[in-house]
Every structure is written in structure tokens, then in C-alpha cells.
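Trainee: Residue numbers (the working numbering): 169 to 351.
There's no promise every hint is true.
Quick list of in silico lysine-lysine cross-link-like pairs, DSBU-like style, CA-CA up to 35 Å [to be verified]:
hint, residue 1, residue 2
1, K244, K279
2, K253, K279
3, K321, K295
4, K324, K244
To be clear, the hints were calculated from the coordinates, so they are not data collected in a lab.
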Amino acid sequence: MFRRVCRFLHRELGFLTVGLTLVYAVSGIAVNHAHHWDANYRRTREESSIGPVGAGPTEEITPRVLELLAPAEPVKSTWRAAPDKLQVFAEGARYDVDLATGSVVRDGFAKRSLLWDVNFMHLNSGKGPWTGIADAYAGILIILAISGIFLVKGRKGLAGRGGFLMGLGFVLPLIYAFVIRSG
């Protein structure tokens, strides 16, 4: 009877969590490799020139640069990074303008439609109702883990290979935590 209940819970909750598991797994890989690749934003870099603008007070230079630059995106702010550098921050782009040479580097970024959304959920950036959904999912994973222990009998189950693998699953994070703290 106990094993039948475990099998029922494991099967039904397992099907329920397939979608969430795939979202968290794909997002987890993306988040783990953020230092290699920005999964949240598609980045572009373009170089152009507006011609030398020259030196002068920021309040005189900025309108002239914006007129010559004519960014397609709405401008949020500007910043005089150095006497010969002006940065223009626009919606989805940053322009680095060399006032002496007139060279412009546009660094653009746009959200990656699906990956940005799953990473937003995975990291619980929005809080609110998603926190309850994520907590319920974590609880279901606990039930799946515990019920799964009792599904298989004998040498492939808890008394054999399954028990060894389960122990390994506990030991690996402990070893890693110990190595991180020691190093």
C-alpha cells in the first residue's frame, strides 16, 4: 500500500512538474554560464562617426552631439565621462562619443524574449505570486525525491545501487562546500 501511494504521488506530481523542471533546468544552465554568454540580452556593437565636436562646456556640447547623433531610441541621460568623452544612455543602447575625433561606438542590447523570461522566473526577480509557485514547486520536488526512494526494491533500490547513488548525491555537495570553505 505504501509503495502504491509513493508510485501514485511520484507519477502524478512528476507529470505536473515537467514544464517547471525544464524552465528551471534551461535557465539554470544559462545562469551558471553568465560569465561566458549573456542569456538575458542580445548585444550588438556598431561604430560610426559624427565628425569632431570639439571641447566646451557639457551644456553646450551635449545638444550638439544629440543633434548629430540623432539616436533612434529615446535618450534617458548623458554623462561627460572625460573632457573628450560623452556617453549617451538611450533606451536599449549606450553611445560612447569621442568629442575630439567624432568617433561613436553604439553598444545596443535587447532582451532575449524567452530566455530573459525564464531567467526572471528562475531568479525570482519579480517576487510576488511567483514566490508561492516556486515554493510549491520546491515542495513537490521534495515529495518526488522522497517517494522515489521507495519505488524500486532489491539490489537496484535503496539497499543497493539506488542507495549508493543517493548517498553520492548527498556527499558531492558536502565535499564541494568543504573544498570551497577550505580554499
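Trainee: Please go over all the hints and tell whether each is borne out by the structure.
Mentor: Hints versus structure:
Restraint check for K244 and K279: the C-alpha separation of about 18 Å stays at or below 35 Å, so the hint holds. As the CA atoms of K253 and K279 are separated by approximately 27 Å, the hinted pair is consistent with the 35 Å bound. Restraint check for K321 and K295: not satisfied, since their Cα atoms lie roughly 41 Å apart, outside the 35 Å limit. For the hint pairing K324 with K244, the CA-to-CA distance comes to about 62 Å; that exceeds 35 Å, so the pair is violated.
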